[in-house]
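Novice: Here is how the chains run, residue by residue.
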Amino acid sequence: MRLRVLYFAWLRERIGAAQEELETSAATLADLVTELRGRSDGHALAFADLKGLRAAIDQELVSFDAALGDAREVAFFPPMTGG
Amino acid sequence: MRLRVLYFAWLRERIGAAQEELETSAATLADLVTELRGRSDGHALAFADLKGLRAAIDQELVSFDAALGDAREVAFFPPMTGG
Amino acid sequence: MPERRPEHERVRVQAAAFDPGQEVSAFTAALSASGAVVSFTGLVRDGATPLTAMEIEHYPGMTERAIAAMVADAMARFGLEDARVIHRYGRLSLRDPIMMVATAARHRADAFAAAEFLMDYLKSRAPFWKKEITADGAAWVAARDQDEDALRRW
Amino acid sequence: MPERRPEHERVRVQAAAFDPGQEVSAFTAALSASGAVVSFTGLVRDGATPLTAMEIEHYPGMTERAIAAMVADAMARFGLEDARVIHRYGRLSLRDPIMMVATAARHRADAFAAAEFLMDYLKSRAPFWKKEITADGAAWVAARDQDEDALRRW
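Chains as they are written, first to last, in the numbering used here: chain A, 690 to 772; chain B, 690 to 772; chain C, 292 to 445; chain D, 292 to 445.
It should be emphasised that the hints constitute simulated quantities derived from the structure, not laboratory data. Glycine included, C-beta positions come from ideal geometry on N, C-alpha and C. Hints are not guaranteed to be accurate.
[Stated by the list, open to error] Calculated pairs, EDC-like style, for lysine to aspartate or glutamate (alpha carbon to alpha carbon, straight line, at most 16 Å): (1) B:Lys740 - B:Asp754; (2) A:Lys740 - D:Asp436; (3) D:Lys422 - D:Asp337; (4) D:Lys422 - D:Asp387; (5) C:Lys422 - C:Asp387; (6) D:Lys422 - A:Glu702; (7) B:Lys740 - C:Glu439; (8) A:Lys740 - D:Glu439; (9) C:Lys422 - C:Glu348; (10) C:Lys422 - C:Asp310; (11) D:Lys422 - D:Glu346; (12) D:Lys422 - D:Glu348; (13) C:Lys422 - B:Glu702; (14) B:Lys740 - C:Asp436; (15) C:Lys422 - C:Asp337; (16) A:Lys740 - A:Asp754.
[As the list claims (entries may be wrong)] Simulated restraints on C-beta separations: (17) D:Thr340 - A:Arg693: 35 to 45 Å; (18) C:Arg368 - D:Arg435: 17 to 27 Å; (19) B:Arg693 - D:Ala363: 49 to 59 Å.
Working from the sequences, and respecting the hints, build out all of it.
Specialist: Right under this line is the structure:
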């Protein structure tokens, strides 16, 4: 499955990219994270602790056990600080 | 004691005057009300039931058992509906 | 915190119309330490019967004193940088702004709480009386028990 | 109640500055059935260290969707006549308005509750991230536990 992965805030800075296009067969978001950790030291560091992270599939906030299904866009970011 | 008495809203309409100057020896607001009831049928009607009324002495909200002391201005009115 | 504005400049009781948006702009522009500004505007609206006009009677002198005391209380209680209360009296038309409250604090919880506190006190403790004029005649607005009850939360 | 404004006109996510007072005026002028309008404005303010600037990053597309969903939820839950959310992104200066919320309802309790509901959700569920730039460098603002806790009351 072809996927666009987006990173925001300090996650983006740590990984050194705002987005990546990749091919994956991951079934869940947690599986995808395991794959992403292997891509670089920056990725490994960024995804070291999921407790401080949030994720969205196709622009909807989800938990890390969510199935990827036919997702086209996945995003990872720290807790939001809007308002 | 010389006193200015003010009336507001439906109390003013029922009494037919916005203010009166009067001489009184009433010790408390309740005593003053008893005197005022005797002034006219309109007064008697206006002061028939104190439960729905509020009062102020020298522009401070008080209860009907308040002493008049050296008050110069007393006001009677229905519950406020500002805001 | 900058030097505080004198209490009397925070309260305006007037017959003239005002623009709540303009007031919010002026209020906000004068702030220096706040992160949160809350405003409340009360508008004349129809009740069960379509409204022709609203007449608001007040107790000149006591009104300003009572509101200034509420504002001083809110400033201290919620650590506000500034607050503003404007309240009209006289004859108003449908949709006219009747009054407004603005509050400014570092954090939103204090700004919201202070605005609600001021509204609750203005409703039941500021000497204003509203009269609704409709095609059926004129009637004084009755105080609502829930407005009196609202004071108990503070 | 008049015909309702489409959801997307109620939400603006923009780099451009805006004037909260002007927005309150426009919002209020378009109402027909409300007696209560509440506005909240968030301003850039200094933290422990004096601020040089604030940078706000957002997730284009998801931001608008997430806020539109919150607004629709607030409209239904509190029976609002109208609501408005404006939120900036990009580089902001000290005292700039960051965002605002406006709500309109027949009674004040609903207008206040809806504004607080929207603020609580915007803080923790709209994809914005703030970075503070000071003389010491740049640092991402950390989410506060109390902002997450605030959602539990709804």
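Novice: Next, verify each hint and record whether it holds.
Specialist: Hints, verified against the model:
{"no.": "1", "hint": "B:Lys740 - B:Asp754", "result": "holds, 13 Å"}
{"no.": "2", "hint": "A:Lys740 - D:Asp436", "result": "holds, 13 Å"}
{"no.": "3", "hint": "D:Lys422 - D:Asp337", "result": "holds, 12 Å"}
{"no.": "4", "hint": "D:Lys422 - D:Asp387", "result": "holds, 15 Å"}
{"no.": "5", "hint": "C:Lys422 - C:Asp387", "result": "holds, 15 Å"}
{"no.": "6", "hint": "D:Lys422 - A:Glu702", "result": "holds, 12 Å"}
{"no.": "7", "hint": "B:Lys740 - C:Glu439", "result": "holds, 14 Å"}
{"no.": "8", "hint": "A:Lys740 - D:Glu439", "result": "holds, 14 Å"}
{"no.": "9", "hint": "C:Lys422 - C:Glu348", "result": "holds, 8 Å"}
{"no.": "10", "hint": "C:Lys422 - C:Asp310", "result": "violated, 22 Å"}
{"no.": "11", "hint": "D:Lys422 - D:Glu346", "result": "holds, 5 Å"}
{"no.": "12", "hint": "D:Lys422 - D:Glu348", "result": "holds, 8 Å"}
{"no.": "13", "hint": "C:Lys422 - B:Glu702", "result": "holds, 12 Å"}
{"no.": "14", "hint": "B:Lys740 - C:Asp436", "result": "holds, 13 Å"}
{"no.": "15", "hint": "C:Lys422 - C:Asp337", "result": "holds, 12 Å"}
{"no.": "16", "hint": "A:Lys740 - A:Asp754", "result": "holds, 13 Å"}
{"no.": "17", "hint": "D:Thr340 - A:Arg693: 35 to 45 Å", "result": "holds, 37 Å"}
{"no.": "18", "hint": "C:Arg368 - D:Arg435: 17 to 27 Å", "result": "holds, 23 Å"}
{"no.": "19", "hint": "B:Arg693 - D:Ala363: 49 to 59 Å", "result": "holds, 57 Å"}
Against the hints set out earlier in the document, a violation occurs for number 10 only.
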